[in-house]
Structure formats: structure tokens, C-alpha cells
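Student: Next come the chains, spelled out residue by residue.
Number of protein chains: 4
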Amino acid sequence: VPDPLASLREEIALANRILVHEGILDAFGHVSARHPTDPSRFLLSRYLAPELVEPDDIREFNVADAEPVRAGERHYSERVIHSCIYEARPDVMAVCHHHAPAVLAFAIAKAELVPVFHLGAAMGEKVAYWDSQDDFGDTSLLVTKIAEGRSLARALGRHSTVLMGRHGATVAGNSVREVAFRTVYSCRNAELQIQAKLLGQVYSLTPGEARMAGSHNTRSGPLGRAWDSWVRRLHKAGDFPKTGATKTRKRPARRAAKLSLAQKRRGKRSRKN
Amino acid sequence: VPDPLASLREEIALANRILVHEGILDAFGHVSARHPTDPSRFLLSRYLAPELVEPDDIREFNVADAEPVRAGERHYSERVIHSCIYEARPDVMAVCHHHAPAVLAFAIAKAELVPVFHLGAAMGEKVAYWDSQDDFGDTSLLVTKIAEGRSLARALGRHSTVLMGRHGATVAGNSVREVAFRTVYSCRNAELQIQAKLLGQVYSLTPGEARMAGSHNTRSGPLGRAWDSWVRRLHKAGDFPKTGATKTRKRPARRAAKLSLAQKRRGKRSRKN
Amino acid sequence: VPDPLASLREEIALANRILVHEGILDAFGHVSARHPTDPSRFLLSRYLAPELVEPDDIREFNVADAEPVRAGERHYSERVIHSCIYEARPDVMAVCHHHAPAVLAFAIAKAELVPVFHLGAAMGEKVAYWDSQDDFGDTSLLVTKIAEGRSLARALGRHSTVLMGRHGATVAGNSVREVAFRTVYSCRNAELQIQAKLLGQVYSLTPGEARMAGSHNTRSGPLGRAWDSWVRRLHKAGDFPKTGATKTRKRPARRAAKLSLAQKRRGKRSRKN
Amino acid sequence: VPDPLASLREEIALANRILVHEGILDAFGHVSARHPTDPSRFLLSRYLAPELVEPDDIREFNVADAEPVRAGERHYSERVIHSCIYEARPDVMAVCHHHAPAVLAFAIAKAELVPVFHLGAAMGEKVAYWDSQDDFGDTSLLVTKIAEGRSLARALGRHSTVLMGRHGATVAGNSVREVAFRTVYSCRNAELQIQAKLLGQVYSLTPGEARMAGSHNTRSGPLGRAWDSWVRRLHKAGDFPKTGATKTRKRPARRAAKLSLAQKRRGKRSRKN
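Chains as they are written, first to last, in my numbering: chain C, 1 to 273; chain P, 1 to 273; chain S, 1 to 273; chain A, 1 to 273.
Since the hints were derived computationally from the structure, they do not count as laboratory data. There could be a bad hint or two in this list.
Simulated coverage check for chain A against chain S, where a stretch passes if three residues somewhere in it have a Cβ under 8 Å from a Cβ of chain S [as the list claims (entries may be wrong)]: (1) 33 to 45; (2) 198 to 206.
Example chain A residues on the side facing chain S (calculated, C-beta under 10 Å, incomplete) [said to hold, decoys possible]: (3) Asp3; (4) Leu5; (5) Ser7; (6) Val20; (7) Val63; (8) Arg74; (9) His99; (10) Ile108; (11) Glu125; (12) Thr139; (13) Leu142; (14) Ile146; (15) Glu148.
Each residue gets a CB set at the ideal place from its N, CA and C atoms; glycine is no exception.
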């Protein structure tokens, strides 16, 4: 009896922790997913540092206004980043908002982030740029109003990644895993682009290469291979989120995380040790 | 029966260890707080590397002369950094002195450190600069005399952060948590500013943005969210300081660290595992 | 009754994990070795992230066409990188393909990677350069066809290391240990060359120095000293691969990894603790 | 019944592991000390990666010819680096030879390494420079002959640190702790100098400041504070070397490492947990 909603909540908690563990998120930033059966809702943690998020902390919000379905708790102030992208892009199933240093450097220098290696092409052929100053003048830079979220979503357009001037970046995709992959490898790409610039000229991928490499690397094979290694690191670090009910703890954990065969095998072994 | 002094000593020990764990302090640097009920005194560890500080190591010192209330032990030679800021700034409740690499680079290059992202605005709209050479000529660079401490406090003025040429930085705030947050995010800001400069021009926050972003990010919500994640990392690394008496160890630990709800919940769970 | 094939499979699993642990491989990249008794075959893991590879995952492939000896599983798409180098270079007994950041920066900037310290000379006096765009135009950048693999092998020529434009690098050697050493120290060399360039001019080794230093550092002494320290780190991190059959677990593990005397002694001690 | 020779062997093993843990040494590099009662001899590990060195691995060598007092084992080929400095400098009681990246970058760019912060002054007011090419032309860059060691010692002169072109650095001092401190903070200084250069001009310490700051920071207080924190990290990481005989294991360990009061207290507590 698989429960897609429970599975997705566990996957969101996992993605939060993976992105902390891979150096992308710190106490701030968040990962969401569109509700698996009701496209007018999305799932996001309540107000918590990402490394503390458990599946039980994932709440439902309305795409229309970013408000929680059930009120009474504190929530992230930047929920409109997520809701407005789900509103504008029916194809988007997951969103990550982050402040990873290498990508943020481009958002401070207004420098163009371009794919410089095959895995970096996962961020999309072109990265969009948005700055709250342009439409809204002086703000706290936080994107908290629907008008701000819609402005950001317009800047994202059909792309997958949008830099937010002096603030961070937002990444969209058709699954939590794709968004995690896209987020991690856009950061690796940014680090590489800075280092290559220090050495001289940056030779980026051609549009054709970026299209083919991006398409190849967001297939289930590479996504699963990366996800398996990130999950293993979480396990080893003791950072795996709580999954399933306490009394049936082991089985739901395996199911929910959608572990690949390789991961399952590893899991069994480590339990033996 | 809450004991604000005991709580504060535990929070100071925590902040010392958090700042080591986040890469800000090494064997040197220190965190202090003004005495919770006697504003003419402040609390600071005796002579120890920050990662070794326990609540029992926190001593009381006089703001007037930086001398310990009870003599007989070795103390940091730079206590006047703390005492002279408490003397000049009645609003300041906590101080951190550090030599974090990214911030120190600005204090070696005499380069202006400016807010380049919303969280960096927590360091204040403007960062002050002081160099011992200007008033005192050749010294060991350590700030050990009251005249030196007062010169530094004058340079800090109404700001929150002062760079100390070829030496480090000192950060002031209205709570230990605010000072920890300000210290961590001024370092992240410095790292980002260096990386952005490598890419070309640095587009910093406008004064209005810096004011609004700084004000937002030093509220209890963001401070608590960051503190919770730092505390969790300490716990996981086995670096949490000893708290409370041995026989009632678990409960005072939870109280003293002023754990948020999220943190408390996490703590309970990890105890179950 | 030593089993050279079993030993080699264990050494390949170890090398995969070592190169992850030393920051060279992430979820992508792979290490292979020529079959110890049949030079027309080579050994490579099935489709897995390197940090998950166990000796049991190592499969046999034909040098002639990069196809697995036994079909029915998913495999890396870039097997021709390995097969075509074994085909062109009978002296090569092991190959590593990776995307380590420092080396990749040179492959993005088309900058010459040169030996700048004695240990860096292990990568060879000269590093070759290849770009898929030159012979094949727009591709996904992955090297998946025999014609692509042969083009890469021609660029490698008699050298030990070839940069792959906007993609990564491939390293060849006469043993798994030599390839691991060459891979690690070419990355350290790349990091140093970037840092030295930031300081001004880069003074590299003369051809004579590079030849002598490269020859010295790929002897069994230095290779074993480095391997011992990498193996120790894996052990400490709990990342050592499973070795031997379960019932005779301890002894085959020691044999298979070809632990040096020093390593054996350490192993015994840690078992006592 | 203190045994100064046993204590010193334990301190050398500790320093080897500390310098690995602090990112200075990898599989290569070594730390030695002059024999505590016979100035014509010095103590150095046999041929091992530094993180594997135990007190039992420390051997005695003659200052006159760098040969071991008892033959029959493999030793580091660069022993003359140590012997020739002990020969030329009766005041030197300990030596470290390393290839730490930040310092090595200066030895590749022939850039002047200067004290840029108070702790960096521990490396000495002036850092000497030597290149094997000048006196010996093309070599493997390893310093293995007495003539090479004496040339290096002449370049070191009365200074504490000598850069070795395209190779590394060697650091001398009057105790193992001073050499460890000097080594760590020369590397931190090098990292800072590179970062400050990226920001613009580097404002270094004046000669007077460097003299006063260097003198202050190599006193027993700062040396002990840093040593205590490094030892604690080793303990926590499970990297503390074996000390004393097995049956009296706990007490000799505490004595031998010359733990400060703070460290002793910490040790007792962690044993309780």
C-alpha cells in the first residue's frame, strides 16, 4: 500500500538534509514539491533550519496565495517564491531556494553563469537573472509578497534556474531529485567557472552541447546515481531523517526514500555490521 | 527556578564552541557577555582555547578595569577589548573578538567590507576600521592596555563590527546569539565579497536595503533558526559543553541552552535512537 | 592460495572509495584495471556511484568493444574511455576517469597544466589535451562511442594524463596504485598552480627535474606510503569496502588490500581498541 | 619517574598527527627533535606516513651523517634536511619539513612570504628562500645528500623558516610545540596573504611589530593553548597515538602528552561519558 504523499514528504526532508550536507544550504533556504495528487497545493517544511526537517514537519500550502492549508504555526516568509513558480509553471513539480556561495558570487557580481562542464549543463542552457531592486526598489531583499514572487517567476520564464541579485538563487524541476541534482551541479559549475576565470579565458559549452548534456544528465540513471551517493553520506553521518511510524520503522524508511537497488543492498549490509 | 547567570554562562560556552565549529575561531579569540543583573561586570572564559570552554570556566570581570572579580588564575591578555566596549556602549550585551580568515583578509588589505547579501547585512550597514599602529605605533598588535581598548571602542563608535588592521575583528550586539549570528554572517559576507570581486564588479546592498535586511535578520526568528542548526551540529559532533550538575544533567542542559521547540523535539528524538 | 583476480577487484573497489574520500570523485568517474591474466579484458564496476562500489560489483569487459563479458546489467556509458586506452597502450594496467575541480578548471580554460612541485611530476612531464568538439562537433560531451574513445587514446599518446575539454581528465598507469597516486597528485598540482598564479609567475619544474621527480615518486615506497594513509582514512571513516567471504572476513580483508607492514600493524591495534 | 626520551617520542608522534589533522602534512613530510640528552643525535620516525606514526616508530639518528643508530629498516630519504640543520644550529631542538599548499604556492611563485597578522609573526620576521636548482641543477628535488642539506641549512641561516623552491618548506624551533605552532601559523599567514592580495594591496607587519608579536606568540601560554586544542581534536577524531605500555595505558598517556590542566580536565570528563 504505497502512500505517494508520505513518500514525497520523506523525499523533501531528505533533499533538505542532502543539500545541507553537500554545502548548498545552511540554516536558510528551503525545498518544496507540488502535491502529488492536488496540483493546487504544494508541500514545504514549517519554519525550521533545513538540517532539522523531518517528514512530519512538511505542511501543505495553497499555490494561489502561499498560505498554509491549516493555520497556527510559524512558516518561512518566502513561501511566495515557491507558490508563484508553481502558479506560472504547471510543469514544475519541485523548487529549491538557496544562497550557496559560489552561485551567490555571480548574483553579487551580475556575472553570467554559463555551463562549463557536462554536469553543469543540468542547470539549463541559460540561467535567468532577477533583482528585487528593479521592480521594487529598496526592500529587505526577502521575497515575501505575491507581486514579488510573480516578478521572480516571470524572470525565471521557461528556464530552470534564476539568480536573485545580492540574495541567492531559485531552481525548478520536474521532481525533487532533478531539483537537487540541478542545484548541486549548478554550484559545482559556478565554482569551476570562477577557478577557470582565474586561469584565463572560460570556454563554455556550445548551445548544442549544453542541450544534449543537460538532457542526458537529468535522466533517471545519473539522477539516481548521485542521489544514492548523497543518501549514503547522510546515513553515514547519522543525518537520515526519521521515516515511517516508529513500530514499522525499518520498512517504510526503505520504501519512502525510493532507494535504488544499489542503495538497498548497501543498506542491508550496513545493518548487518 | 531559572538561574539567568547559569544560563548565560552556558550560552557563552556554547557560543565559543559554535564559533570554533563554524570555522570562525581557532585556538584564539573569545566571546563575552555583560552580567545579566550587574551591568558593571562582564562574563568571559578563563585562559582556554574556545573549544575547551565549559560553563564552569566562565569568570566575572569588572567593566571598569577588565580585572577578574576573584584573582588567582591566568586570563586572556586582551580582556580590555571587551571591557572598553561595555564601558563605551551601555546597549552592548555581548562581544566577540576573532581572527576569521575571510574578514582578516580585509583587515590586511585595508579593503572596505560591505554588505553584499541580505544575511551579510547583519554585520551592520557600515563596518568600522581601526589599526593599533595609528595611535600606538609598533606593538605586539595585541590589545592589552586600557588606552588601547578605549581607542578601539572609539573606532567602533555606534557600529556593530570593527576590523582591526593586521589582527582581526571585534563584533558587538545585544545578545550572545546576535553576536554569534553577526560574526558568522560577516565572515560569509567577506568570503562572498572576495569571490564576487574575482568575477568582476561587486554590487553591494544600498543603504536602505542594508538597513532593512539587517533589521529583519537579527530578529529572534532568524537568530533562533541559525542557532538551532549550530547547536545540532555541536551535539552531533560530541562538542556540546557540559551543562548543569552531574546528577541532574539532562534537564538543565535542555533549559540552559534555551533550545527552541524545534531543537527540543530533535533532542528528544536523538535520545531515543 | 592467493587469488590475483579477487585481490585486484578489491583493490579497484578501494581505489574508487579512496578517490571519493580524497575529493577527486563524486557520484561520477570510475577506476578500472586490466585483467591480471587475460590482457584482452579489463575490470570495472557496474553502474554505481564510486563510494558504493564493493569488490562484488566489479565486472569483466572486453578490451575490443567495451562490452561486458556477461550481459544483463546496467553499465557506465563511458566504458570506451577505458577499453580504447587498454587497446592502444599494452603497457597500461589501470585507468581512472574523473572530473576533479582543480584539474577540470584547466580543461575549461584550455590552460597548460605543468608540474610545479616534485609530487606533481607524478602526472608526467607533459599533460595531453583533447576536446570532443574538435573531432565530433556538438555531443553530450560523454565519450560513449569507440571512435570517440580511440580519438581520446590517440590524444593521450605515450603520456599518462589527458585533459578532456569542458569535461574532466583521464589518467593511465601501470598499476591501480600508480593511477591513484597520479590522479591525487595531479589534482594537488593543479590547485597549487592556480594559487601560485594568483601570486604572480609560476616557476615550474624543468624537464629534467620533472623526469627525475616523476620517476622517484612512482616507486613502490612513495606509492605505498600514500596508499597506507588513504586506506587508514577509509578505515577510520567506516568506508572500507567489504572484502572476502563473510565467514572468513578478517583475513581476506588484510590480504586483499595488500596492506603494507605499517598498515597491518595499525590494523591489529585498532582491532584491539 | 619521568622519562624525557619516552615523552619526547610521544610528543613527536603527536606533532606528526596534529600536523596531518590541521591540513599541513599529507602522506609526506616529517617532524624531528634533537635527542633530549645527547645533542649529537636526533629523533625521527622510520619510513611511514605521518598519520600512522606511533611513539614506537621514532628512531635515533646521528646529526653527523643522518644515519640511523641501529640499521636494518627503511627510512625517509630526506633525513639530511634535519641533520644538517641540527649541525648548523645548536639552538634548534626541533624541525618540521612539509609541503603545505598555501606555503608551497609562495615557493612556486618565488613570492615573498611576509607576516600579515600577529600570529603569522611566529614564523619569524623574515622567511628565507632556497632552490635546489641554484647549487645543484636538475635533481629529483628531494634533499638527500649532505651537500644539499648543508646548502639548505646555510640558506636558513639564523631564520626559523625556509621556503624550498617548487618543493615545500622547512621550519626550525626550540621545541616540538614551537615548531608545530610556527608551521601551522605560517600556513595560515600564507593563506591570508593570498586572500589579501586578491583584495588589493597587502599591508604587512612592520619589523618592530613582527618582532614583538613573534616573541609574544611563541611563549608557553599561546603555544599551550593551541597545542591543547589540537590535542583535543586528535582525541575526538580517534587519532591520538598509542602512548605508554599497554598495561599502564591511561596514566602514561596523560603524562607523556604533557597535557595542560585544561586538557587533563577535559580528558577526565570524556572518560566519564
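Student: For each hint, tell me whether it holds in the structure or not.
Tutor: Each hint, compared with the structure:
1. Coverage of the region 33 to 45 of chain A by chain S is violated. Counting CB-CB distances below 8 Å, 0 residues qualify, and the rule asks for three or more.
2. Three residues within the 8 Å Cβ limit are the bar, and the region 198 to 206 of chain A against chain S gives 1, so the coverage statement is violated.
3. Hint status for Asp3 (chain A): violated, given a least beta-carbon distance of 22 Å to chain S, over 10 Å.
4. At a threshold of 10 Å, the smallest CB-CB gap from Leu5 (chain A) to chain S is about 22 Å, leaving the interface hint violated.
5. A hinted interface residue such as Ser7 (chain A) counts as satisfied when its beta carbon comes closer than 10 Å to some beta carbon of chain S; here the least separation is about 21 Å, so the hint is violated.
6. At about 8 Å, the closest approach between the beta carbon of Val20 (chain A) and any beta carbon in chain S falls short of 10 Å, and the interface hint on this residue holds.
7. Given hint, Val63 (chain A) at the interface with chain S, is violated; its Cβ is 24 Å from that chain's nearest Cβ, farther than 10 Å.
8. At a threshold of 10 Å, the smallest CB-CB gap from Arg74 (chain A) to chain S is about 7 Å, leaving the interface hint in force.
9. Because the smallest distance between the Cβ of His99 (chain A) and any Cβ of chain S comes to about 7 Å, under 10 Å, the interface hint for this residue holds.
10. Annotation: Ile108 (chain A) was flagged as interfacial toward chain S, and the flag holds, the nearest CB pair being 4 Å apart, inside 10 Å.
11. The interface hint given for Glu125 (chain A) is violated, since its Cβ lies 20 Å from the closest Cβ of chain S, which is over the 10 Å cut-off.
12. Contact between Thr139 (chain A) and chain S, as hinted, is supported at the beta carbon level, the nearest pair being about 6 Å apart and thus within 10 Å.
13. Using the Cβ-Cβ criterion of 10 Å, the hint placing Leu142 (chain A) at the interface with chain S is satisfied: the shortest such distance is roughly 7 Å.
14. Because the smallest distance between the Cβ of Ile146 (chain A) and any Cβ of chain S comes to about 19 Å, over 10 Å, the interface hint for this residue is violated.
15. Violation of the interface hint for Glu148 (chain A) is found here, the shortest Cβ-Cβ separation to chain S being roughly 13 Å, above the 10 Å cut-off.
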